[in-house]
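Student: From first to last, the protein sequence lines are chains X, Y and A.
Going by my numbering, the residue at position 77 of the first sequence is 77; the numbering climbs one at a time, nothing skipped.
One rule links them: number in my numbering = place in the second sequence (from 1) + 1000.
One rule links them: number in my numbering = place in the third sequence (from 1) + 2000.
Keep in mind that a hint or two might mislead.
[As the list claims (entries may be wrong)] So the derived list for chain Y, only partly shown, Cβ under 10 angstroms to chain A, looks like this:
| # | residue |
| --- | --- |
| 1 | Gly1114 |
| 2 | Val1164 |
| 3 | Lys1168 |
| 4 | Lys1169 |
| 5 | Gly1179 |
| 6 | Leu1181 |
| 7 | Glu1184 |
| 8 | Gly1216 |
| 9 | Thr1375 |
Honestly, the hints are just simulated from the structure, not real lab data.
Glycine included, C-beta positions come from ideal geometry on N, C-alpha and C.
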Amino acid sequence: MNTKKEIVSLRNVIKNYGHGKVITKALQGIELNILEGDFSVMMGPSGSGKSTLLNIIGGLDKATSGEVNFNGKDFNTLSNKALSIIRRNHIGFVFQNYNLLPVLTAYENAEYVLMLQEIPISQRKEKVMHFFQEMGLEGLEHRFPRELSGGQQQRVAIARAVVSDPLLVLADEITANVDSETAQSLLELMETLNKNNKTTFLFSTHDPAVIKFAKKVIVLKDGKITNEQISSENIEKYTKR
Amino acid sequence: MKSKLLMIIKIGWLSIWRNKRRTLISLFSILIGTGIPTFFVCIAWGFYAGLVDDVARLMAGHVTYEHVNYRNSPSNDLWVDDIQVINKSLNNNDEVLLTKQIVNLQGVAHTAKGSVGISLMGIEPSKEITISYLPESIVEGEYLSEGDGRWVIVGSKLAESLNVNVGKKFVFTTNDIKGELIEELFRVKGIFKTGSKEIDGHFVQSDIDIARMVAGLSSNDVSQLGIIVKNPDTHERFLQEMQKTLAKKNGVFLSWQQIMPDVATTIRMDRTAISSIMVLLVVIVLFTMFSTILMSTLERRREFASLLAIGTQPIELKLQIFIETILFGLIACPLGSLLGVGIAKWTEGYDMMDVVGGKAEDMTVGGFGMDTIITPLFSIPLILQISIFFFLAVQLLSILPIYLISRISITDVLRST
Amino acid sequence: MLDQFSTMMRLTIIATCVLFKVFLSSFAFASNLNPEKILDSVDDLYRSNTSYGTLTLSVTTTNWQRTLTLEQWSKGDDRHLIRVLKPKKEKGLTTLRVDNNVWNYMPKVKRVVKIPSSMMASSWMGSHFTNDDLVKQSRMVKDYTFSITYEGEREEKNIVEISCYPKKDAAVVWGKVEVIVYRDDFIPLHIIYYDEDLQLSRTLNFTNIQMMSGKMMPTQMSMIPVDEPGESTAIQWKKIQFDLPINDDFFSLRNLQQ
Ligand SMILES: Nc1ncnc2c1ncn2[C@@H]1O[C@H](COP(=O)(O)OP(=O)(O)OP(=O)(O)O)[C@@H](O)[C@H]1O
Ligand SMILES: [Mg+2]
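Only chain X is shown next, with the shape it has when bound in the complex (with noise of 0.2 angstroms):
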């Protein structure tokens, strides 16, 4: 009862970049577990790695070396194809820029993923429909993308990326485009939708509103993770772009 299930594990993973003489190490032995219902933000300055260590656990991205491990399986002999499914029935992803399908309503790109899922008709509305409720979007589903505010937006994709049940969902940055007090308002959705679902979210962000919300604060710097508490004295340093 007291022990969580382990979504994501990460031992001694390190991501070079380039070849030859260049080489950017962007990650340099990475240990993490994530475990199940966790809402963990990842900070640290530009170019730290956050995206990269998002991308690997996401499956989007292999890691140079090291073992990452998500949900029991080793992604490391896992064929793209075979991460992408695992994508498609575990992963949820939230970007900065939304990437809503722009010539699908607002109901349609919810609706993607379990179309994707073969999940029969009414399912798909009765799950898209909750979600919708619960994020305040009734009235917007037959809305296209452009005919909807960047917070809107990104609770489309937010929508997106919750309904179809997934283990984990990784947010990139997804407060970076919106103003504060959308990003507010994100955050307490999500944080809502950890409480009543038990979605598991792991965010990377610069936003120091976020670290409020953090159940638990991952601090990156020059690809490594670091003892470092987060402050007051020292949040500027994680914070500025």
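Following the hints, put chains Y and A with the ligands in place on chain X, whose structure we already have.
Tutor: Relative to chain X, chains Y and A with the ligands alone:
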């Protein structure tokens, strides 16, 4: 599965219209690309069908029965056994409209003014009136009738070079079946004008009896038996059947293509020309389309990357692109065909010479004049062929975006803003 | 080049035959002024005789002028052999006619070629004869109706003019042929050809009457077409002998090649 496919089709369809102007330009190019050759083909095939039928009826039929050696040396001593028996059974055949008994004589016509090599064709005037356009082409005097004897009809050009009018005479020199030189007097009963240099300048028709007499043939013999079939499209099969069932040892059934290779070759060459036009148009269409499809793929790279990130299979994206080009083709190609057919229909009945200018006499195929009134022929298989050809060509274009998608690096694309 | 040349030669020879025949058939030794007798006697006289002679043939066109010296044999109406003597280039070129068939022998390539009917009937390369006349078997009497249309003085000569009109179905291109002979001896002066519209088409003139082989005859004959002013073809007899014994075998393909 079904709803997924429907969704992919829907996304594809909607994606096409994201840039309306660009899409319309591309659609227009396919429309024109398909429409122009369709138009040409309808017009040209109409001309050819008309021409072939006219010429077949004027000359030796769609299918001709003659001596096996007649092609090599059309001399008068080559006639076929039992021709009247064959003639009779042909006339009882349901597929046959009519048979023409023909006696051909090559020789020289001369008057005090000059001499011209001519080809004299002896026919049965009463039949000829029902099948050939020559009787309607008489501009002076009258067409032949049975028992006309030495009265013949000549072309306007021949009349000019021999300096003869209706009622005037010329001497015809030829060889009879024994190879003896024969000279006979003929008189002009009528002068025809077909618009063809060859026909108007070197063709003479007479009643078959006088031609037989001149050649020294008996009243049953012919040089050729011309067969006018009811459906010219199936003449090849008909020919094969007749060759198997009817032909005598020294006789052979030949198609109009074999009898008039010049006409057949010119038509074939013209078909090649139309094919080259098509290839050229395809190139133009593909160029226009290529940039459209390339642009629309490149500008959606971020979208594709995020779709891939959230678990869309690459094959599903490729399918979407593929469906986009299919939809492109499905909209434009049939419309293009309709456009071509429409224009062809619209020009029906116009005289081509009014449109392109020039003289009708210059419009000859293998020496035969063409009717320059536009009477398009709408051959559905041909129109479909063109449409499908362009459709498939457009499909080729999806190869490039599909390739690009398979090379997409999700992280790189997502990182770049 | 050789081909073109030999074609020209061939045509020249044919033309010679034509002229020769017209020439011979123009002799008329009749005893009265019955036109049929005049014309018929021409044919009959010609038919039963053999002849041998040498002549020159001159063709004048607006572009060129050439002269050939020829040697010729004939028997009856249907056998002719003609051989070129001069110029040197064409020496030996021989033409044989038997009935309706004409063969050429070309010494350069040692080959005999039969002239096709289309060639026989076509006109001579824009020249003044139709080759047709050569092989024509018809007798004037058979193909034409005729009558004496003038008798008496014309151009200080005492002449007879016979007008010949082709019969309805006769294979004749002319509309009328006028034969004009001296009234005394029926030696021809002119043969004038008219087309169907009775427009003058060509004129054959006989001149230079001399004694040859014991006969008075015009030794020169020229054809003047109406259409081509300034052009003409002329034959000049150098020597002629009649009624020599010549075998039929002489007019054979075998002899042609010697
Ligand atoms: N494809 C790549 N090729 C080479 N170097 C790369 C590549 N992607 C990232 N890097 C480098 O790896 C390091 C980590 O990059 P990453 O994007 O993870 O940083 P980040 O913490 O997300 O920064 P930011 O806060 O600006 O988004 C940086 O130095 C970056 O330049
Ligand atoms: Mg980043």
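Student: Each hint needs a verdict: does it hold in this structure or not?
Tutor: Status of the hints after comparison with the structure:
no.: 1; hint: Gly1114; in the structure: holds (6 angstroms)
no.: 2; hint: Val1164; in the structure: holds (8 angstroms)
no.: 3; hint: Lys1168; in the structure: holds (6 angstroms)
no.: 4; hint: Lys1169; in the structure: holds (6 angstroms)
no.: 5; hint: Gly1179; in the structure: holds (9 angstroms)
no.: 6; hint: Leu1181; in the structure: holds (4 angstroms)
no.: 7; hint: Glu1184; in the structure: holds (6 angstroms)
no.: 8; hint: Gly1216; in the structure: violated (14 angstroms)
no.: 9; hint: Thr1375; in the structure: violated (38 angstroms)
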